[in-house]
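Let's have the full structure, built from the sequences with the hints guiding it.
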Amino acid sequence: MRALDLTTALVVGGLFAVGFHLLLQRSLMRLLFGFLVLGHSTNLLVLMAAGPPGDPPITGEGHAPETFADPLPQAMALTAIVITFGVTVLLLALVYRSWRIQGHDEVRDDVEDRRVGEEVLES
Amino acid sequence: MTDWLLIAPVLLPVLAAGLSLAVWRSAAAQRLLGTGTLTAVLAVSAVLLVLADRRGPLVLAVGGWPAPAGISLVADRLSALLLVVALAVSLAVLVFAIGQGTAEGDLPRTPFHPAYLLLVAGVALAFLTGDLFNLFVAFELMLASSYVLINLGAGEGRVRAGMTYTITSLLSSLLFLTAIGLIYAATGTVNLADLGDRVPALPEGIRSVLSLLLLIVFGIKAAVVPLHFWLPDSYPTAPAPITAVLAALLTKVGLYAMVRTQTLLFPRSETWTPLLVAAALTLLVGIVGAVAQQDVNRLLSFVLVSHIGFMLFGLSLYTVGGLTGTVLYAVHHIAAQAALFLIAGLVVGWSGTAKLSRLARTAPAPGLLAGLFALAALSLAGIPPLSGFVAKLALLQAGVEQGGAAVLALLAAALLTSLLTLYVMARVWRAAFAAGGERPPAARGRMRGLRLMLGATAGAVLIGVAVAAGAGPLARLSERAAVDLLERSTYQEAVLGDPDRRGG
Numbered sequence: 003m004r005a006l007d008l009t010t011a012l013v014v015g016g017l018f019a020v021g022f023h024l025l026l027q028r029s030l031m032r033l034l035f036g037f038l039v040l041g042h043s044t045n046l047l048v049l050m051a052a053g054p055p056g057d058p059p060i061t062g063e064g065h066a067p068e069t070f071a072d073p074l075p076q077a078m079a080l081t082a083i084v085i086t087f088g089v090t091v092l093l094l095a096l097v098y099r100s101w102r103i104q105g106h107d108e109v110r111d112d113v114e115d116r117r118v119g120e121e122v123l124e125s
Numbered sequence: 037m038t039d040w041l042l043i044a045p046v047l048l049p050v051l052a053a054g055l056s057l058a059v060w061r062s063a064a065a066q067r068l069l070g071t072g073t074l075t076a077v078l079a080v081s082a083v084l085l086v087l088a089d090r091r092g093p094l095v096l097a098v099g100g101w102p103a104p105a106g107i108s109l110v111a112d113r114l115s116a117l118l119l120v121v122a123l124a125v126s127l128a129v130l131v132f133a134i135g136q137g138t139a140e141g142d143l144p145r146t147p148f149h150p151a152y153l154l155l156v157a158g159v160a161l162a163f164l165t166g167d168l169f170n171l172f173v174a175f176e177l178m179l180a181s182s183y184v185l186i187n188l189g190a191g192e193g194r195v196r197a198g199m200t201y202t203i204t205s206l207l208s209s210l211l212f213l214t215a216i217g218l219i220y221a222a223t224g225t226v227n228l229a230d231l232g233d234r235v236p237a238l239p240e241g242i243r244s245v246l247s248l249l250l251l252i253v254f255g256i257k258a259a260v261v262p263l264h265f266w267l268p269d270s271y272p273t274a275p276a277p278i279t280a281v282l283a284a285l286l287t288k289v290g291l292y293a294m295v296r297t298q299t300l301l302f303p304r305s306e307t308w309t310p311l312l313v314a315a316a317l318t319l320l321v322g323i324v325g326a327v328a329q330q331d332v333n334r335l336l337s338f339v340l341v342s343h344i345g346f347m348l349f350g351l352s353l354y355t356v357g358g359l360t361g362t363v364l365y366a367v368h369h370i371a372a373q374a375a376l377f378l379i380a381g382l383v384v385g386w387s388g389t390a391k392l393s394r395l396a397r398t399a400p401a402p403g404l405l406a407g408l409f410a411l412a413a414l415s416l417a418g419i420p421p422l423s424g425f426v427a428k429l430a431l432l433q434a435g436v437e438q439g440g441a442a443v444l445a446l447l448a449a450a451l452l453t454s455l456l457t458l459y460v461m462a463r464v465w466r467a468a469f470a471a472g473g474e475r476p477p478a479a480r481g482r483m484r485g486l487r488l489m490l491g492a493t494a495g496a497v498l499i500g501v502a503v504a505a506g507a508g509p510l511a512r513l514s515e516r517a518a519v520d521l522l523e524r525s526t527y528q529e530a531v532l533g534d535p536d537r538r539g540g
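Residue numbers (the numbering used here), protein chains in the order written: chain L, 3 to 125; chain W, 37 to 540.
What the hints contain is simulated information worked out from the structure, not anything from laboratory work. Just so we're clear, the structure is a prediction, and the values are computed from it rather than from any experiment. Don't take every hint at face value.
[Said to hold, decoys possible] Just so you have them, the derived chain L footprint on chain W, three or more residues with Cβ under 8 Å:
no.	region
1	172-185
2	212-219
3	328-335
Cβ coordinates follow ideal geometry from the N, Cα and C atoms, glycine included.
The structure is reproduced here in C-alpha cells:
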C-alpha cells in the first residue's frame, strides 16, 4: 500500500469543489472556468495515481526499478491535458458565439420545455 | 495473419478525414472520399465479424507492445457485430446528408465531411479498443467531432442547445478520467482484460464505488434516466442526418462501454437491482416525456431515451438470455432510430414544420414515406414480425426465466412502454400521413436530392428489415456473444494469452 500525499489529496478535493461550484453557475464564462479547474483537478488526480515521486524512468541511468516514478499516469495526464486544451478552445469559441448572438452570456432556459410544462399545467 | 485488419476501421476514416480537409474545394471529391471510405470500412468490419465468430476474438497489439503494457485492439463477436451495424447506418446517413445538402451547406464551407469521418473513427475505436484509457480517447474523438457537427451553422437555438450538449459531455468525460485515475490507483493497469483479473480481487467497497462511477459516466453518454436531461434538449436542433447519426450511434457506444466494463470488470451472478430500477425509470420517464411532446424531433428523442431502458434491462439481469436480448436490441435500435429521424427530416422538409398540430393541417406526406415510417415505427413498437419484436421477445423471455417480483414489475413497465410507443407513433402518423390537411406543403416542385435521401432512408429501414429476416442466425450470434461476455475467459485469454503462462 502506497502512502497517500495529504497535501495533494486536499488540493485535488478543493479544486473539485471549486470546479463543480463554478460549473453550476449561470454565466457561461464561469462555466468555462469551472471546466478548466475541473480539468486540472482531474489531471492532478491521475498523477496522484502514480504514487510517490521517483527517479526518471526509461532513461536507462542505472537506478533500481523500484525507485522509478510510474510513467504511465504521466502519459495519460499529458494526453488528457492536450484533449482538455483543445476542447476548452472550442468551448470558448461557443461562449463567444453565444455572447455575440444574445448580447449576454447567461445560460438560457429551454423554450420548448417551458411550453410543454405550461400546457400540462393548463389542461 | 489478419490481425492488422483491426486497425483499418480506425485508421482509414482518420486518414480520409485529413484528405477530405485537403480537398475541401471540391464537394464531389469529399463526397466520393466519404462514401468510399465508409464502404471500405464496412466491408472490413464484415470480414472482422465473420473471423471473430469463427476463430474467437481477434487481437492486435498496437505498436508491437504485448498486452498488459501496450494498447490492444480487440474485435470479439459483440464489438464486431455492433461495428458492422453502426457503419452500415452511418453510411446510409452520409448518403442522406449528401442528398439533403447538409454535407456541404452554404459558404463558407462547413467541415462536415472531415468531422463525420472522425466521428466514425471514434465510434470504431470505442468498439474495438481493449484499453480503458484508449476508450476515453475514443470517446473524446467521437465527442469532439459531434460538438462540431451539432454546432454547425451556429444559429441562436443551435448554440444554446449545443452548449448544453457540449458541457454535459465534457463533464462526463472528466468523470471518466477521474474513474480511470482511481482504477489505475487501485489496480495499476488500464488494460480491460487485465482489469478483469484484478478488479474482482479488490475489496467490496472499492469495487462498488468504481462500478457505480463507471455506470454514471456511461449513463450520461447513454442517456439513462435521471442522466438523460441533455438529450431531448440538444439533439432535435441539429439537421436531420446529424441527429440521426448521434442518436443511433453515440448512445449505443455509451451502452456498449457500459456492457463491456460491467460484465468484464465487475462479474455478478445475480440480478443487479440498482440498474434494474434505472432501467424501469428510463423506460417510463422517457415514454411519458414523449407523450407530452408537440415537436416530432423532440418526441423521437424522448422515445430514444425510453428505449435505452430495454437494453439496460437485459444487462441488469446478468444472464445469457438477458445479454442476448441487449445485443439484439442494440442492433435493432441503431437501425430503427436512425431511420425514424431520417424520415422525420424528410417530413419536416416536405411540410416545413416539425410541430404536430401544424403537420396535421398540412397535406399528408407522400405514400412511400408513409410506408417507410410505418415499417420503422411498428418495428420500434415491437409489432411482429419486425426487428423490434424479435429483440423484445428475447428480453421478455429472459425476464420471465429470471422471475422475481422486481423483474416482473419491470416486464410490466416494458410492455406498457411498448404500448405507449405505439400510441406515440400513431400520433405522429395521424399528424403527418393521415389525410385531412389542406395547407399546401412547403416543398415546392421537386426537393433537390430527394431520390438520394429517400434511397438512404429506405436503406436504413431495410437494415432493420434484414435484422428481422435474419433473426434466427442473428439471435444465435448474439447468444454466442452473450456467452462470451459472461464467461470473460475467452476475451481475457485472447488478449493476455494462456492463463498458465500469465505471470500471476
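Each hint tested on the structure:
1. With a threshold of 8 Å between beta carbons, the proposed coverage of the region 172-185 of chain W by chain L holds, since 6 of its residues qualify and at least three are required.
2. Only residues whose C-beta sits within less than 8 Å of a C-beta in chain L count toward coverage, and the region 212-219 of chain W has 5 of them, enough to reach three; the restraint holds.
3. Figure legend: the region 328-335 of chain W, annotated as covered by chain L; annotation consistent (5 residues with Cβ-Cβ distances under 8 Å, at least 3 required).
Checked against the numbered hints listed earlier, the structure breaks none of them; every hint is satisfied.
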